[in-house]
Structure formats: C-alpha cells, structure tokens
Amino acid sequence: MENRKYPFSWDLLGDIAVGRPNLGPITRIELYRLMQYTFRDVIEAKFGAEKADEIFYESGRLAGREFFKNMIGKINDFHEFIRKLQESLRELRLGILRVEKADIEQGSFVLTIDEDLDCSGLPESDQEICKYDEGFIAALMESFFTGRQFRVKEVDCWCTGDRTCRFTAEVIV
Amino acid sequence: MAMQGDRQEALLDLAVRTLEDVISNKVSANTLPAALQSHPEFVDLHEKLAAIRGFISALASGDLSQSMRVKGFLSGGLRTFQANLRHLTWQTQMIAGGDFTQRVDFMGDFSAAFNSMTKKLAKATAELKESETRYRLLAENVLDVIWVIDLAGRFTYVSPSVDRLLDCTQEEIIGRTIEEVLSFASFRALCVKLRQFSADEEAVGQGHIFELEHFKKDGRVLWIEVSVSVLRDDDGKMAGIVSVARDISKRRKAERMLQMAYDLQRKSDFFNDLINGNISINNKDAVATAKKWGIDLTVPFFCCLIDLGDKELFEKDKINHLDLQQKKRYINNLLSKSREYVVWDIRDAIGVLVQAGCALDISDADMRTAAQIREKVSLYTSDLIVTMGVSDMHRGPDSLKKGYQEARSAIISAKCQGEKGGGIYYYRDIGLYQLLAAYDKKEHAAEYVQKMIGPLIKYDREKGASLLLTLDIILQSSSLKEAAQKIFLHHKTLVFRKQRIEKILGASIDQFETKLALAAAIKMHKLLGNPVNN
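Chains A and B supply the protein sequences, listed in that same order.
FYI, the numbering for the first sequence is 1 to 173, going by the numbering used here.
FYI, the numbering for the second sequence is 1001 to 1534, going by the numbering used here.
Quick caveat, the hints were computed from the structure, so don't treat them as lab data.
One thing to keep in mind: the hints can contain errors.
Okay, derived cross-link-like pairs now, DSSO-like style, lysine-lysine, Cα gap no bigger than 27 Å in a straight line [unchecked claim]:
(1) 1048/B / 153/A
(2) 1048/B / 1026/B
(3) 1026/B / 84/A
(4) 1498/B / 1515/B
(5) 1048/B / 84/A
(6) 1498/B / 101/A
(7) 101/A / 1071/B
(8) 1328/B / 1284/B
(9) 84/A / 1071/B
(10) 1071/B / 51/A
(11) 153/A / 1071/B
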C-alpha cells in the first residue's frame, strides 16, 4: 500500500525516559484497554467483526515478531525460550505465561496466560476476545521455530467465564 | 387449581431430586425423567451440571486431558485448576529433564514446598555431577585400571587406562567376560573366590588382592595385581565386584629371578658340598636331594664343566669380571629352564649334570646333548671363549665327584695343549692328562718337574733360549726331520740342539722311558700354569 504514514518500527515506541521524565513508563491498564476497545469498536463498525478479528490477529503477529526480535534475543533451546518469555511477560505485566503441553516433534502446544492484559476482568460474553494475543503468540512461535507457520486459537477466555486464557498452537506449515 | 399446584410441586420435587442425583450420587442416572424433558431450560441446566460432574470426575481420577465446553464461573474455575495441574505436569517434566529453573507460584503452600524441593534437587544434582566429574577425572587419569564386573563375570565398566595396560579400548573389554580375558588358572582362582563371596557375604570385607594372568590384545600374558571389593546394590546385596588392576609383570619377573637365584644358590651349595666331600656320599638324603634337584645319581649320568673365557684376563679387568658374573647368571638361568640337565654354579665355572640313557659309554646322543649345551651358551656369550669339558659316563652317588674332576681335567688338558678357541673336550680323549691332571695341585708335582726338566728351564731362562719348547716338539714328533719342519730348523741344527738338551739333562732322549718321563714332566709343567717357551 502506498503513501503509508507509519510503517511500524521499534523506534516508534520512542524514548520513554526522555519523553516522560516525571510520569515514567507505567500507565493504567484502563487506558490501554480504552485505546484497544475503541479501536476495535471503530474497526468493527467500519469493516465488520470478522475483519476486525483479522486485523487484530495480524497486528498481534506484527507485535510478536518485533517483541521477539527486540526483547527476547538470542536463545538456544525451547526451555530457554519459554523461560525468557515467561520472565519478560511477567516483568512487563502483560500476563503470566504457563505451558500445559509442548510436543516439539509434532509441533503441538497448549499455553495459558493468567491475568491477561487484554481480557482479565472483562465482562463475560460468549466470545473469546484475545485475537491480538493469538497473533502475538503465533509470531513468537514462528520466530523461535524459524521456517514454521503456526495457527493459534484461544479456546478458553476470561470473557467466556474462565479464569485463564488458554491457547492452542499447531504447526500448519 | 389444587391439582395443578400438586402437579407443579411434584415436578419441582422431581427436578430437585434429579439435580441432587447429579450432585450427590456416586452413580448418576443416565436419562432424564420424561416429565422433565419437556423443559428445555432444565434440560440445559442438567446437561451443564452433568458435564461439570464428568469433568470433576476425570480430574479426581488424575485425567487432565478432558475438555469441557460449559462456560461460566464454576466451569472456568475448574478449567483454571486443570490448567495449573497441566502446567505443573509440564514443569515437572522440565525438571526431570534437568531444567531446575522451573518455579511454581500459583498453588499456595504447595508452591513453596515444590520450589524448595526443586532447589534441593538442583543442589544435589550439581553436587552429584561435580562428584561424578571428580571421580571420572580420577578414573580416566589414573595409571591403574578400574573395572566393574557383574555377577555373571561380565565387564560393565573399565577405565580408559586399560588402553595403556592391555592395549585394548574400553569398548573392546566392556561386555566381555573374565573367562575370555584371563588365563584358565587365574579364571578358576577368581571364580572360587567369587563363589566364596556369594556364599558368605558377611565375611567378604573389603580389599582382597589377587595376582592374575591377563591376556593382552596380541595374546601375550600380562601379570596384574587386582584389588577386589564387593559392589552392593541398594538392598545391600552383592551385585558384582569393583577392582583396581595394575601391571606387576616387572615385579613378578624380579621375584622369579630372585627365586631362581635362591634355588640356584641352594642347588650349587648342595652339589659343591657333595664334590668337596662336605656331604657324605652314602647319605641317602643326599641322593634324594639330588633327585629333587633333577638328577638321579643311581642311573647313568655325565658331567659337563663350562669354562668361560680366559680367567686371568678377567681377573685383571674388574669390569669384565663383573660382566662375566652377569653372563654366568644368564647362562645358569637359561640352562636351568631345561629339564634334561641340572645346572649349578661353581666359583670359576658352570657345572651341568646330564642324565643319560642306560649305556655306560658316552653315546652320539649324549654328544649331541653336550653340543647343544655349548651352542646355547655360545649364543649368549658370542664375545667369550666357551670351553667345555665332558666326563665319562658314571653311575652311583660316589661318582659325582669323579665326573666333575674328569670334566675339569678335560678343560685343563685343552688349555695345556694351547687350545685357545674353545670347544668341547672329552675326558676319554685327553690321554696322559687323565693321570697328570689329578696331580696339578700336589707339591711333589712341582718337585718332579724340577727334577726332570729343571736344568733345562734354568738354561732357557738364563740364556734366553727355547730348548724346552724344542724338547716338547721332538717328543711330540715321530722323527727329528718332522720336528725340524715343525719349528722351521735345519735338520743338523736340530740335531745339535738335541745333543745340547741331552747334555744339560744328563740323559739320552732316545730311550722310551726317558721320553715318557720327560713328556710327563713337560705336561705337568704346563698343568702348573707355566709356558714352555720364553
């Protein structure tokens, strides 16, 4: 697409220390969610719920790729990958990542995120809402298992009455 | 109205009992009562409760694989619990795989206990690994070989130093049995001990030491000393043996040499005592002892005496003398390996007693035996002159001394006759020396020499002449012409010398008796170690 104004780069996150010398890097979750769900509302209104899910999934993938590149860095094995990811997500208050199943040979995984930034505490509905997380996790897996493509699906969500968000990740290519 | 109220109350009662059945009964009814099936909301509620019941039941039996599509608080809580247990399972698998960084923070007191256990496990594993590394380092660098054998006698471990000891790799030894690598005698000895260990484990103790013959890769035998300790399983039962083995071939060789030297000394003392008359020849014990050393004095035997090199030359040169002693030891050891003869050490020679057949004369076979002995000795002493004297055949314990003297006389005669190249000399061939050699140490031998040829010796000494040599040549020749040719003189010159000799001695040397007496005197003169020419 031509005439793009803000193709993503890590620099767009800015220099927080310089820019927010008094307020610092921390903000309220409500503000994060205010931005996310207003975006979602407008996108859904303009393009429909299905397209909105797709946009959020792809946005999550882009975020996951950049996160892996800039925050995870070089790792040697799957154990180290999970350990580093757990530490990073907890440190950044994004959520508490846990592994229920990891079949590396078959490329089949089940992960959970407790206290998820996007959904924990949201009112219950019949819809899993963490599409952004799905894309984010898929990109992380694809970054680690270079050359593989994953399909990530949220099967349990706070919004459907669960306490934890559970994701399945399967290799498709 | 009353009937409708009663029916609703009954229906409510049925619904309560049905739900109570799902919640409380161990075995729940599979089908919903017909009266309730027409109420969709109740059917939905019942299905949800039944699904939650099934999920709980699976969790209670340890099945974490079940899924439940029911939404809501109750089912969500159960799924979270299931998720935690599944994550805990994964973490435990990671810990089992060696990832001790795993921590649990979602299960209250259990988390603290689990994390404490993981830390202790990490510490114990690190200590074990360090200890294993230390012992591995020790096992891999120690010169001795450490090996472990199971109860079937099969090697289950062997340290890398086996390469240095047996020229084998670890892989070539592990899996083989002790029967395959030990000599039969060693294998049998070790098996006996292992059976004793198995039968009486309490009495086994630690540190049993064996000396075993182990085959090297090329088939050669290596003597090893093995320190054996019993290996026990977790129940304290014997599970095998652990051993430390080292090469003792040099020590064994030194011990064997020492034993051989000791045996040779005892044997030599015995035979020298017998020859010198220190032991009674009638002593039955002496005969028995001789038999023990390998010679039966009651059946035919002959004696060989081996003389190495020029005795005077060796006594002048101390280093060569020591070299000679060392070579004598080698020869003693070499000849002692044969069962065909008995070897003993004499101060300036080596004695050999050879058991012969029934014949009382030296046979061709006996001569071959003597030749073989000299050949063996010569192989070891190519730089020395080997002279061997051989006695006649003898029988009976009183003949040993005689046999020895005969062999000695044969050597003396060879030297008196100027034989300097060594060889084998038989007593039966030395003629007059058979008599004369017996008198070489007697005082009247010198008197006899002085009386018979003293003036001639004196004349030669004073005038620088060689009339004694001339006389010796004349006596050994059949005519004066032959004698003149031997010493490159004109016949008339020799006649003149003969006349001078006869004048000095005051006797004619044409007489047989005079010839014999003078020849004996010259031989005796030689026996006494004197030269016949100036």
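The hints, checked one at a time:
| no. | hint | in the structure |
| --- | --- | --- |
| 1 | 1048/B / 153/A | holds (24 Å) |
| 2 | 1048/B / 1026/B | holds (17 Å) |
| 3 | 1026/B / 84/A | violated (46 Å) |
| 4 | 1498/B / 1515/B | holds (13 Å) |
| 5 | 1048/B / 84/A | violated (39 Å) |
| 6 | 1498/B / 101/A | violated (129 Å) |
| 7 | 101/A / 1071/B | holds (22 Å) |
| 8 | 1328/B / 1284/B | violated (31 Å) |
| 9 | 84/A / 1071/B | violated (32 Å) |
| 10 | 1071/B / 51/A | holds (25 Å) |
| 11 | 153/A / 1071/B | holds (17 Å) |
Checked against the numbered hints above, the structure breaks hints 3, 5, 6, 8, 9 and satisfies the rest.
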